[in-house]
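In the order they appear, the protein sequences are chains C and V. In terms of my numbering, the first sequence is residues -12 to 544. In terms of my numbering, the second sequence is residues -12 to 544.
A hint or two may mislead.
Treat identical chains as interchangeable: a pair holds within one or across any two.
Claimed, not checked - Derived BS3-like pairs (lysine-lysine); straight-line CA-CA distance at most 25 Å:
| hint | residue 1 | residue 2 |
| --- | --- | --- |
| 1 | Lys135 | Lys88 |
| 2 | Lys272 | Lys282 |
| 3 | Lys522 | Lys272 |
| 4 | Lys522 | Lys135 |
| 5 | Lys522 | Lys146 |
| 6 | Lys144 | Lys522 |
| 7 | Lys92 | Lys135 |
| 8 | Lys302 | Lys413 |
FYI, nobody ran anything at the bench for these hints, they're computed from the structure. The structure presented is a predicted model; accordingly, all values stated were derived computationally and were not measured.
2 protein chains.
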Amino acid sequence: MNILFIMYDQLRFDYLSCAGHPFLHTPNFDRVAANGVRFTNAYVQSPICGASRMSFYTGRYVSSHGAQWNGFPLRVGEVTLGDHLREHGMDCWLLGKTHMKADAKGMARLGLSADSTIGARQSDCGFDAWARDDGLWGQGPDGLYDSKRSPYNEYLKSKGYDGENPWADYANAGISDDQIASGWMFRNADKPANIREEDSETPWLTSEAIRFIDETKGPWCAHVSFIKPHWPYIVPSPYHDMYGHNQIQQPRRHASELDKPHPVLAAYQDTRVATAFQQDDVREKVIPAYMGLIKQCDDQLGRLLDHLEASGQMKDTMIVLTSDHGDYLGDHWLGEKDFFHEAAVKIPLIIFDPRAGADSTRGTTCDALVESIDLAATFVEAAGGEVPDHIIEGKSLMPWLRGETIDGWREYVISEYDYSVTPRCKALGVSPRDARMFMVFDGRWKLIHFEGGFRPMLFDLETDPDEFTDLGADPAFQDQIDRLYGYLGAWGRRMSQRVTVSDTDIQNMRGASLRRGIMPFLVDGSEVPAELTQKYHGPVRQTFVPMTQSEEENHGN
Amino acid sequence: MNILFIMYDQLRFDYLSCAGHPFLHTPNFDRVAANGVRFTNAYVQSPICGASRMSFYTGRYVSSHGAQWNGFPLRVGEVTLGDHLREHGMDCWLLGKTHMKADAKGMARLGLSADSTIGARQSDCGFDAWARDDGLWGQGPDGLYDSKRSPYNEYLKSKGYDGENPWADYANAGISDDQIASGWMFRNADKPANIREEDSETPWLTSEAIRFIDETKGPWCAHVSFIKPHWPYIVPSPYHDMYGHNQIQQPRRHASELDKPHPVLAAYQDTRVATAFQQDDVREKVIPAYMGLIKQCDDQLGRLLDHLEASGQMKDTMIVLTSDHGDYLGDHWLGEKDFFHEAAVKIPLIIFDPRAGADSTRGTTCDALVESIDLAATFVEAAGGEVPDHIIEGKSLMPWLRGETIDGWREYVISEYDYSVTPRCKALGVSPRDARMFMVFDGRWKLIHFEGGFRPMLFDLETDPDEFTDLGADPAFQDQIDRLYGYLGAWGRRMSQRVTVSDTDIQNMRGASLRRGIMPFLVDGSEVPAELTQKYHGPVRQTFVPMTQSEEENHGN
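In isolation and in its complexed conformation, chain C is listed as follows (with noise of 0.2 Å):
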């Protein structure tokens, strides 16, 4: 069986129609839904792109592998979920964006060469890169933003796409009266992108996967990651008007947020992007514009579908539709993600299993509580192998994709989020150290912890579903505070770092010594069996008188 692993960037859990939305049809996304288990209540482990797949990649927490915010590069020796497949016999491979940074420092350290398959991956977050392409391809007096080469720009060019970076000219731009009408302003959502629709990101990238299924000898998991609907919010005809005003949905905000907000939170809705998205007629082009490149991810996704069921494939192959985080689109007062509600940090994912075993739970749903983490865990085990959890740290999803019942899954879910390199680190007058946020979710109880010295968030989502009052300063909800903080606590002494010894090399390691001459404790030696000490008896074979005081008064001279 092949894995594909497809992630959108920045795609809300509540723009599908499968999930709910009136207005915004995405056939396909449900047609693996209908065929699989889509489930509710998924989280990552940090809103923010880096991070966030960091913790995909490897199945650990922010705080495990350390690479907590964009451009941290992943240390040199994380063990990634293409490690781990390749034990198991299954390829590993990349078509799109991992925000990777390469430990260069680390990798020069250890005289790894990123021309090697060895330095190539540990470039590549594990992955062999079948077409690497992290999407934002911008240029400024400083440079260029990413210096790797660009698949698609190479694509474009060789589509007679002029100039240099034809990303910027094309895809990322739209037109007004002849002039360029780029991407990165809100105002320009609205204008169909100046590009061939067949030539736009998703577009290139679906056709590439469709070479890769059809190239490609198995079994393979595909990590098929797309850059949209992330910002710039353009798209191509005809998707850039396919949505208008009655299909926008209503913020998710209220007036009583913006009454003595907890202070972090106020720093966020004082950023650009935030007063953007308070702004109605921002959300009026810059939401039309998130639909359609979602609609757009659904067409293509049909695509691929399609191809897999033609070529006979389907059937063979587990397929995973997910995001690495939501996208406040103006909800709270706030836009962007970077933060713990619900529009930010929880994520769709649909996990469509061929394998009988999981034709009990064809089209339903799955409430557990979920994280990002798991899919490195569910994958290993997809791939046959027995999750190394001294390791991953999430749990593998096949129970729930199996219809069993489970014992013990998990009570509450963590997020981070680091903000260190942000302007609020400054604003709000603390160190990069103390720029840190921790969430815990019970599924009910949603607690932000903030190091240095403020005081927690807290919302009821059974009462408040909105998530619109913070109940994080009001005493008469000290105990839930107090509980959550003992999951937070129990969390933070999570062993996380073991990562040389499995619990079986353990069970290996008892009592070992004691066979190899290490017998310490032995009062006289019947203590254990004679085997053990039988080389410790026996005549001495020479005697050395001990030292004469003139010896001892000359000794080390």
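Please build the complex by placing chain V on the supplied structure of chain C, with the hints as guidance.
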């Protein structure tokens, strides 16, 4: 300046005359203390050789590096003291024991050969090995305990000691009626070791250290790491009978400790070594041997110090004397280490800094709460570097050596213990993951937290300096327990894995992407300087007509 980082194994903090031992006279330890600072509240990160040393050698807590017990490999790529010092032009050498187990699997995954300099350093915990010898050359039915070469055994052979493993037959054996009296058995502890005193382990390693000092160009940090006074408790004449019944300290134990003890402590009280040390006749034999081993260590330290003086190098050599953990010797009805009473978890720590900046503190003691991981930080600073506090979790002790007033020193120390490999794990019915304990000590109150659902233990060292009275079940002390759990919670949230990015890196990253063309969140571009958006203005170079309906229908086919 060079750094002589001398470690003894299993040396109790109170078995030195400068620390107050009434009978064991250690003039050479005292000599260093008289010229330096003796730290009276120094604690190890785990009271067991392997885990403690991995923390010394990385400057990181056990839960941060994960090599949490003996024989657990330190994962490939973990940054070590040697890596840090070499960055500042100081070499880092090993003479003696590290207890490091190479991460062979990780090294293979990264293609590192143990033969290369890089691979050898990975295998030897970041050190360049002048002479690596972990000191226990046991041999049993299943073979050798340690498969590495033993420079010490090779030395013995060169001196005419016959056999394949002269350590076992000579260094670790006494004589009783012409029979080998193995050093493994406590009943033989009072016999002289069957070896010339000058050929025993401590003098041998000291000679190597002297040779190293003569032959090696600095600047260097040399970790001279003695196996003694760690068991086997056997020492050559004249040390074997230098001390007797009248010099043996009364055990620090009380009947109340055996009355309804905490279940984990009870399991410890039942172990073979505890049972042995509960017998006064075992103490009567072992403790004089232990004292004799320390006396020999002190005499040999004298050789080393004399050599430094005579060769004019004392003025350029920082000297550190310490231990990797203690030894119960029957205190608390226990033997060995492995738990958290002062006898096991507290260590001697004496630092001599020859530079003028340390003149004001010569001959003083310092009672600041010190963790063993502070040494790595101290050495980096001594080598002229800035402590990389995103990797090293300890704090430099230089301010204390310079007699400075310090704000914001730590309020508590942490130590950990993983007993999963020991028989206690099965005896207590816990999983390997739950066989873990944490000590939190604030200088007065000592909390011991146990995973696996046990209640905590609590000691008040002000009213109960002997640690006889466990207050962990007493509701009157819940406030103290809660307070210390607060410290443990804060420590559990510490940032320990962001090892690829320093605070300086973070400052340099702020705002950087904006000047590289990543410009999200703009409504119309006027929010940023014109220079940043100028690439995104101007006439359109090519225009693509949106696809016709039939083109759409044929798209992708």
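- Item | Structure versus earlier hints, numbers of those that do not hold, lowest first | As far as the earlier hints go, only 8 is violated by this structure.
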